[in-house]
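**Student:** Given next are the chains, with one letter for each unit.
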Amino acid sequence: MMRLNPFRRFKPFRGLKYLLAILVTAIFTLIFLSFRTEGGQDHTILSLLYLLPVVLSSVLWGLGPGALVALASFLALNYFFVPPYYTLLVHRTQDLLVLIVFLGVSITVGQLVGRVSKSLAESHAREHEAIHLYELIMHLAGLQDEQEIVSTLAEQTLITFHAGRVDVLVEAQGSIPVHHVRLEDHSLPAQALEDPPTFLAPLQSARGFLGEIKIWREASTLSPAEERLLHTFASQGVLALERVRLSQAASRARLLEESDRFKSSLLSSVSHELRTPLATIKAAVTSLRSGAVEWDTEARADLLAAVEEETDHLNQLVGNLLNMSRIEAGALKPERSWNSLAEILSSALDLTRQQTEKHVVEAEVSADLPLVPVDYFQIEQVFINLISNSTKYSPEGTTIAIHAHPVNRNLMQVTVRNQGPHVATEHLERIFDKFYRVTAADRVTGAGLGLSICKGIIEAHGGHIWAENLDRGFAFHFTLPLSWEGFPLEAGQEMVDE
Amino acid sequence: MSTQPHILVIDDEAQILRALRTILTAKQFKVSVASRGEEGLALAAAQPPDLIILDLSLPDMDGIEVCARLREWTQVPIIILSVRESEREKVIALDKGADDYLTKPFGIEELLARIRVALRHSAQTLGSQKSQIITAGAIVIDLALHIVTRNGEEVKLTATEFKLLAYLSANAGRVLTNQSILSHVWEPAEADRVEYLRVYIRQLRKKLEEDPDHPCIIRNEPGIGYRFMVDE
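Chains A and B, in that order, are what the protein sequence lines are. Okay, so the first sequence: first residue is 83 according to my numbering, each after it adds one. Okay, so the second sequence: first residue is 8 according to my numbering, each after it adds one.
Quick caveat, the hints were computed from the structure, so don't treat them as lab data. Only a predicted model underlies this, so the values are computations on that prediction, with no experimental measurement involved. Just so you know, not all the hints are guaranteed correct.
In silico BS3-like links for lysine-lysine, alpha-carbon gap of 30 Å or less [to be verified]: (1) A:Lys364 / B:Lys111; (2) B:Lys34 / A:Lys364; (3) A:Lys415 / A:Lys345; (4) A:Lys345 / B:Lys111; (5) A:Lys415 / B:Lys103.
Next up, chain A with everything else stripped away, as it sits in the complex (with noise of 0.2 Å):
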């Protein structure tokens, strides 16, 4: 019933202000009465005294009171002080003329006093609700959290409406959850937490009831003008709060189709590149089975050898899936500790030890190196995957150089130098993008994944992965902290004996 019912108000005692202007009109009566003369005087100058009270009542009480004090003080003029007195009978034509014309004008200035003083209150409610609006909007604007937004809105409204205690509480809507803010004013009176709200505003939108506004304090009547700001803040609060629905599921829906998209072309790259060893190991095996073929020693080995190649080279491609979904998720986490960098690259390089095989390999890693704060292996990964990218681009039979030094007590730099084909300078950023490939797909293996990976995981360490065109070839370079939280490794030093 409230909801249909949003604001409750009490009709304020008219009759109150009818009486204290009759209260008026007698105390200046009165008050005249003591200066009476039994000569009788000149009755303009009191009907312009008169004047006074209606002033006063227009401008305190407003058009209907003046009015009343008008016609009372016409009668007072008439009964008191027009002779003869103590009857509302005028002798001289004189006298009616003068208390004709006091009403008349009594009643005029009365009007004219009253108008202004009302839209001079009422201009002043106007700029009052204008600033009042302004500091709302001013305060929601921009906001992003619902909480936040529920929270301006319950502290303006305590401000504004001078209340007691504050009540916002928008409803759970789907995924959104509950949210309720209750604020309360101290320096005022305590109100009764069982009583129910003095008035209530529903925030209503297009598309239903969100929650409301409840408001309790001690003035019980609302003015026109509060009700209207009340119905506004409303509407503003509501405003914000699907402000913030519409952007939040418009970046969902962003993400969902940016996933999308990612899913999609994960499948078609993973797809050709999980048939192509499956591919050479299903025609190996066949051929061996086969006994169509007398297959002479050499042959079955190559073969097998085949086999052998793709299957290390489909483990490693799920492996890259795994962290590839894994960076995607944002569940990479590095599981740190000290580990040697010579210890790393020797284990990917016994990993990669087949693809390397056309290559010459020179690792200049030395186990005096710094210990880094690193996932073991994840740094292998960065290992392989590099090196792999380096045999599929250089020519064979070309050297592949893998060099570690310390740049300062913080930082680890480690290249990975090819004699492949350079890259244009505006596509050297882009090599770490997801599937992206300088090359037509068609001409080298892989996903397109690898060095999306590395940076993935390089940055993932708090270090930084870039590519660099050399005079003659490629290089892949990436950083490492040597500080882990924030500090170095001293223990190395002063815990050898001896």
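Mind docking chain B on chain A? Use the hints.
**Tutor:** Chain B only, in chain A's frame:
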């Protein structure tokens, strides 16, 4: 070992069971297989095997739990099979008493070598005649006399270096986790100070290896720990 060594394989993948049964039988092992943890535990109790190959991901229970339950009553060597992504579990399984591990996919030669090392190690433990002299390439370690020689010349080692080398070589051929080395050679409280271990391993390699950058005697076990290699 006059009779055929008995190997129990616990793995839920039928293809792996089939391949291992075929290969190991061909290599003159007696093979029994189980595809669930409970079944494996029951088989191990009914016909105690000489070695168990255990997959970490089983349908009914965790491989780590199987390992722990086996260790309650038997010291049979256990080789863990697992995929590369479960390093943490592998380390837990090794600390819970597994002897060695292999990462899937693996080469069969590697598996056979691990089986040989594990069987020999358990034979030595049972025979209680532990060798006091260990030879690895040019290095000879006399555990009783605390002497290490390289090509016949004595190598000077600090007390901690010797303690580390003694622990590694006493478990030659087996994988040792960083934590187990740290808590045996240092204090259990220092089991997380991997950096100590890295520094000492580097010192030892400099003194013992032909090429410290390509170690052959103290080998890395990626992400797990180290393994001391002896002459077969």
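**Student:** Return the numbers of the hints above that this structure violates; sort them in rising order.
**Tutor:** Structure breaks no hint.
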